[in-house]
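There are 2 protein chains.
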Amino acid sequence: MAERKLHLNAFLMGVGHHEAAWRHPRTDVSALDSVAHFQNLAKIAERGTFDSVFLADGVQIWGDVRHSIANRFEPVTLLTALAAVTEHIGLIATASTGFSEPYNLARLFASLDHISGGRAGWNIVTTAGDRSAQNFNRDTNFEHARRYERAAEFLEVTTALWDSWEDDALIVDPAAGVYADDTKVHEINHRGEWFCVRGPLNATRSPQGRPLLVQAGSSEDGKAFAARWAEAVFTAQQTFEDATTFYTDLKRLVAKAGRAPEHLKVLPGIVPVLGGTEQEARALAEELDDLIIPTRAVRQLTEMIGIDLTDHPLDEPLPALPPVSHINGAKSRFELVRDLAERERLTLRQLLARLGGGRGHQVVAGTPEQIADHIELWFRNGAADGFNVMAPLLPSGLEDFVETVIPLLRSRGLFRTEYEAKNLRGHYGLPRPESKFAKQPLATVG
Amino acid sequence: MAERKLHLNAFLMGVGHHEAAWRHPRTDVSALDSVAHFQNLAKIAERGTFDSVFLADGVQIWGDVRHSIANRFEPVTLLTALAAVTEHIGLIATASTGFSEPYNLARLFASLDHISGGRAGWNIVTTAGDRSAQNFNRDTNFEHARRYERAAEFLEVTTALWDSWEDDALIVDPAAGVYADDTKVHEINHRGEWFCVRGPLNATRSPQGRPLLVQAGSSEDGKAFAARWAEAVFTAQQTFEDATTFYTDLKRLVAKAGRAPEHLKVLPGIVPVLGGTEQEARALAEELDDLIIPTRAVRQLTEMIGIDLTDHPLDEPLPALPPVSHINGAKSRFELVRDLAERERLTLRQLLARLGGGRGHQVVAGTPEQIADHIELWFRNGAADGFNVMAPLLPSGLEDFVETVIPLLRSRGLFRTEYEAKNLRGHYGLPRPESKFAKQPLATVG
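Chains as they are written, first to last, in my numbering: chain A, 38 to 483; chain B, 38 to 483.
As the list makes no split between identical chains, a pair holds if one copy fits it or if it spans any two.
Here are the simulated lysine to aspartate or glutamate pairs, DMTMM-like style, with alpha carbons at most 25 Å apart:
{"id": "1", "residue 1": "Lys473", "residue 2": "Asp219"}
{"id": "2", "residue 1": "Lys80", "residue 2": "Glu124"}
{"id": "3", "residue 1": "Lys476", "residue 2": "Asp101"}
{"id": "4", "residue 1": "Lys473", "residue 2": "Asp101"}
{"id": "5", "residue 1": "Lys288", "residue 2": "Glu372"}
{"id": "6", "residue 1": "Lys473", "residue 2": "Asp70"}
{"id": "7", "residue 1": "Lys459", "residue 2": "Asp70"}
{"id": "8", "residue 1": "Lys80", "residue 2": "Asp94"}
Calculated directly from the structure, the hints in this document are not laboratory data. Keep in mind that this is a model prediction, so the values were computed, not measured.
Using the sequences and the accompanying hints, generate a full structural model.
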């Protein structure tokens with residue numbers, strides 16, 4: 038059996054993951070408007086033989102527009118532009134099951150997979166918050182469990198649509214005038230609680246069969262969903278103990294769902310703040326934290342955990358927070374923030390600094406050796422199959438990571454030195470799914 | 038006043054617009070699967086200084102899969118890949134108001150406009166047919182007038198979303214920590230019959246303000262919609278007389294709607310079958326018609342006009358067709374087909390040959406001079422502001438057009454020799470819309 042290898046995803050976000058990145062002298066705000074900036078980031082990550090790059094997304098404006106950076110680009114289209122300048126690296130876009138139709142979403146991702154030659158991944162989100170719902174004909178959002186019920190049915194439909202053209206459905210014989218074997222193109226005839234979809238999809242089967250399915254929810258509903266569907270999970274873990282508990286629990290659930298545990302890769306987020314010395318790294322982290330705008334950060338925290346803290350004094354400890362059962366937003370992120378604040382008895386201002394680097398993801402400031410040690414420790418001891426790398430400043434933080442940390446990971450035999458597989462599933466060591474309709478005698482398209 | 042100039046759109050479709058193009062020895066079916074093929078087409082069109090390229094689309098499988106070519110690529114993503122290899126040419130994608138949400142669609146087109154530097158256009162379709170509806174939770178489609186009611190409200194919402202960030206909303210002052218002027222970012226608070234959308238859009242205002250709005254419906258409802266919203270209309274006209282009648286009527290409706298008639302460009306479709314001599318051109322047209330598969334063509338005709346002709350004998354004239362008021366599909370295309378068959382007393386087989394070249398668009402076989410004469414005649418005499426060029430074979434038919442017809446149009450002073458404007462609206466001589474929220478004292482985003 039081949040030695041187990043590390044998997045690395047480069048999470049791309051504007052000019053950096055630290056919320057004050059755009060205010061730091063090492064970044065250039067004009068990059069926010071530049072496709073070339075994002076294309077450059079993808080090329081840097083590909084030079085570092087990352088498995089994939091990833092873009093987050095939502096369906097509303099986040100934070101207050103006065104102090105928060107707004108998107109220009111939608112992920113699937115931006116990744117298509119990145120596909121044009123890269124050859125190997127995977128391209129993972131976030132899209133919501135809450136506010137789109139399965140047929141449209143399946144089509145978009147099939148198209149990205151075709152265009153990129155088998156490099157598409159879908160980060161599946163259910164989307165919390167009433168503000169999002171209000172852009173889609175509703176006053177309030179569905180409650181947490183209902184969102185996951187919709188997501189589960191959404192996945193039943195989209196995977197069936199991707200399967201609706203079997204791998205060998207295409208004949209393409211111009212002389213005979215035969216394009217496809219119509220016995221291998223299937224209606225899906227889904228009739229469920231949320232969706233009724235006849236099919237087939239109006240796109241032939243894409244190189245990967247289905248895009249890589251990624252997920253980030255870590256609540257009980259989220260883990261159950263991941264155990265059934267996810268092939269990679271981007272998770273936020275603040276301590277080694279929490280990370281091993283989550284890892285063990287999720288792998289157990291995957292096995293219980295009848296899947297091979299190694300077919301789901303767990304990738305905690307890490308914000309690597311790099312310096313030539315530990316002191317330099319800590320100085321950079323402090324520079325960034327000093328640039329946080331408290332009113333903006335409080336508003337983001339309020340949106341993140343669903344508890345209004347805008348009138349809470351900055352230098353007092355957090356108020357007592359309700360049990361997670363009362364939360365209808367992102368439950369696992371709420372628990373992470375609550376545990377962090379309680380464990381370290383943080384004031385609101387201290388908590389904002391702790392969250393400013395990575396919105397709940399772990400910030401590790403240190404030398405390249407220290408970052409590599411951290412990654413190796415978690416990888417070798419049941420806390421992670423790899424990492425979701427969230428550079429605090431972009432492009433510099435990703436460049437530094439590729440030039441200083443990646444060589445260490447390679448020299449330790451943990452990470453590939455060149456791409457070995459031909460598509461995104463291959464990079465993550467995942468199988469290509471067979472069409473669910475293969476070998477079944479089913480009705481043809483009428 | 039500047040001299041009136043011709044506008045040309047290159048309608049890209051697989052390996053050609055003739056339905057038997059993929060069976061002809063001059064095409065390569067492997068191109069159907071190739072992004073590079075479409076990128077090459079866009080580069081050829083840009084060499085010919087076309088205003089734009091355009092991709093059709095639907096939300097179902099068309100025709101029978103055994104004999105019909107199915108899509109791999111979705112238009113917005115494919116055009117993003119074309120944006121990466123071109124600099125000037127406009128990029129027009131078809132998307133339906135019937136089966137998507139305004140917030141998602143507005144976001145996608147804003148993103149394409151950002152990525153391409155102001156080259157995005159939206160061909161607005163309402164989508165006929167129950168098969169499409171059955172992919173979106175319905176058994177039957179909305180009836181014709183209701184589809185246009187939905188489309189009108191859809192446009193109210195999307196244009197308001199594109200306007201929700203005013204042109205000068207962005208401040209981006211890192212030192213002060215101010216990203217945007219929150220008095221210039223607006224909720225749209227739309228509450229209508231079909232949609233309730235709060236806004237603002239989660240994308241800053243794009244280079245063109247709004248994408249170019251294109252439309253193709255030519256029914257009475259379609260023309261009323263075009264008069265209110267469209268900036269370019271792709272129409273199908275078989276005769277000069279029909280074309281001038283349509284042109285005059287639509288320009289009158291535009292003026293009646295309070296808009297300048299020159300702010301809507303009328304572009305009839307033309308399928309140019311080119312040869313060094315007229316005889317050569319006619320021979321190519323015949324070769325292509327001989328490759329039509331009748332069973333497939335009958336099925337496409339049935340879907341196009343909404344009348345089942347699959348059991349009608351090929352060599353008999355069409356049966357009497359019902360009045361257009363009984364048609365719930367594409368009304369104007371039904372009328373065009375009925376009038377063509379009646380005017381020329383065509384058998385079903387003859388009608389299929391007439392439609393095989395361009396699905397109702399005019400096929401003109403001849404020398405480059407004859408094609409240029411045809412274009413000039415229509416352009417100078419009130420039948421067209423330009424043409425939607427539908428090459429029967431791709432890439433060869435588009436290459437031939439660019440190398441032989443474009444130089445004639447240029448030498449006659451009808452067409453540009455280089456790009457003069459910096460975005461798609463500029464190519465078509467259309468103004469950049471101001472945000473509807475500009476200069477109004479409105480509530481800010483809370």
